[in-house]
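Turn these sequences into a full structure, and let the hints guide you.
2 protein chains.
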Amino acid sequence: MQNYKMVLCYDGGRYDGWQKQGNTENTIQARLEAILTEIAGVETEVFGSGRTDAGTHAMGQTANFRMDWKGTEAELLSAIQRRMPEDMGVLSLEKADPRFHARLSAKAKTYVYTIWLGEMPPVFWRKYSFWCPKGLDLEAMERAASVFLGSHDFKSFCANKRMKKSTVRTIYEIEMRREGHALRIRYTGNGFLYQMVRILTGTLIEVGEGKKDPGEMEGILAALDREKAGFTAPAKGLLLEKVYYEDWRKGEEGP
Amino acid sequence: MQNYKMVLCYDGGRYDGWQKQGNTENTIQARLEAILTEIAGVETEVFGSGRTDAGTHAMGQTANFRMDWKGTEAELLSAIQRRMPEDMGVLSLEKADPRFHARLSAKAKTYVYTIWLGEMPPVFWRKYSFWCPKGLDLEAMERAASVFLGSHDFKSFCANKRMKKSTVRTIYEIEMRREGHALRIRYTGNGFLYQMVRILTGTLIEVGEGKKDPGEMEGILAALDREKAGFTAPAKGLLLEKVYYEDWRKGEEGP
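As they're listed, the protein sequences go chains S and U.
Numbered according to the numbering used here, the first sequence spans residues 1 to 255.
Numbered according to the numbering used here, the second sequence spans residues 1 to 255.
Any given hint could turn out to be false.
Note that the list lumps identical chains together, so a pair holds whenever it fits in one copy or between two copies.
[As the list claims (entries may be wrong)] Pairs of lysine-lysine residues, derived as BS3-like cross-links and limited to a Cα-Cα distance of at most 27 Å, are as follows:
#: 1; residue 1: K228; residue 2: K20
#: 2; residue 1: K242; residue 2: K165
#: 3; residue 1: K127; residue 2: K242
#: 4; residue 1: K134; residue 2: K70
#: 5; residue 1: K228; residue 2: K211
#: 6; residue 1: K155; residue 2: K134
#: 7; residue 1: K134; residue 2: K95
Source of the hints: derived by calculation from the structure; they are not laboratory data.
Structure, rendered in structure tokens:
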């Protein structure tokens, strides 16, 4: 059977996250598998680059699946898109090497967290941002963020306290950009632990509010204790922007 | 009682439009009046710059109301905002001249219509744009739009066939701008008839699809017949961007 790679977008607002769980059909993965199974006529599994939490959005989630399909890739893409609800989309679909696996082959990912800094609530962005009406000290947040760059044990930023595998990850870049009332924090790294981006963001927000000092970040990392880090920023502000299957930045230091 | 002017934004998706009608409480006006009445302790009316259709959005709808309020304007704004659902917001509030009336004092308005030109459906813009996947001839649309500039009898572009008042309006500017997959058509004029912007947009889309020729626009205007113009583009793509109470463009030809 041919292996296919597809890039997906979805508004996570209505879903219980990416991963199939027990008896809920309300996950992105379950919806996709139902669509692919209908097209193929046989049970078809889909492998995502990783889970996204309930309520988290994606512009570049990547997944692979195997199928016997007689038509072209464009026809297959169209057959999938036609069956999708309006809050899900296929951005591209191509044949992939038999060994390609959306999760195991991923070299890096970029997540974007959107914070709304306007005094008034974000009427049009209410489902895609977290509102911090009191303002944030962005300069202090930048200093705190710089501490997270590079390879560290991020156990303090992992929501899974029983994580048995390595909690060491490498963050290549954290870019903070103000666009109007929106502050976008863009994290690129070789991988992220369960809720790591949301906990990093919650910690940076606490720094921005003056509740934590940038100087405390090293100690929080060293503690290897979830309790030391900040709160978990809400899922709706988070977007999986891109999954990289080659060096995330050609010509520069990559994974 | 003091007259107040306020600028509002709302996501129109959940509402039956601006204007109170019979027994539905599900209009922007009814929601606002309920909030103002609760604050004032007496029945309080609110006057909008004009109706927006069910499903149409606003970033700069303007309204006025009269109230005895002992506090500051900032406190009143905050009292209103606190009571609003998350899909409505107050952008500003100020004291106004006793004669100020949001509709009668308005000199010009800007509406923006968003068309999505991507091959794939607009997952994140699905509630704020109209999808034209087959592409549009933007150059032909520009030529057709230029015919509507200036003062004309727009009866062919008015959904109210029994309109007894004048159907002459002046359009100062129609600006078409492509931003990624979005095409934004921005209309500024001294006033717009019932569904006029949506019918103008539907007509321009038909030109873009090759179903109508830019050369037909003069005849459509001259016919004074709604049947000659194009379809009514869906409400969800439309946004009331701004209401002007002075010349819309200082130093240039204004209303």
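Evaluated hints:
1. K228 / K20: neither (31 Å within a copy, 52 Å between copies)
2. K242 / K165: within (24 Å within a copy, 55 Å between copies)
3. K127 / K242: both (20 Å within a copy, 24 Å between copies)
4. K134 / K70: between (57 Å within a copy, 26 Å between copies)
5. K228 / K211: within (13 Å within a copy, 64 Å between copies)
6. K155 / K134: Neither way: K155 and K134 sit 30 Å apart in one copy and 49 Å across, limit 27 Å.
7. K134 / K95: Between. Shortest inter-copy distance 25 Å satisfies the 27 Å Cα cut-off; intra-copy 49 Å does not.
When the structure is compared with the earlier hints, violations turn up for hints 1, 6 and for no others.
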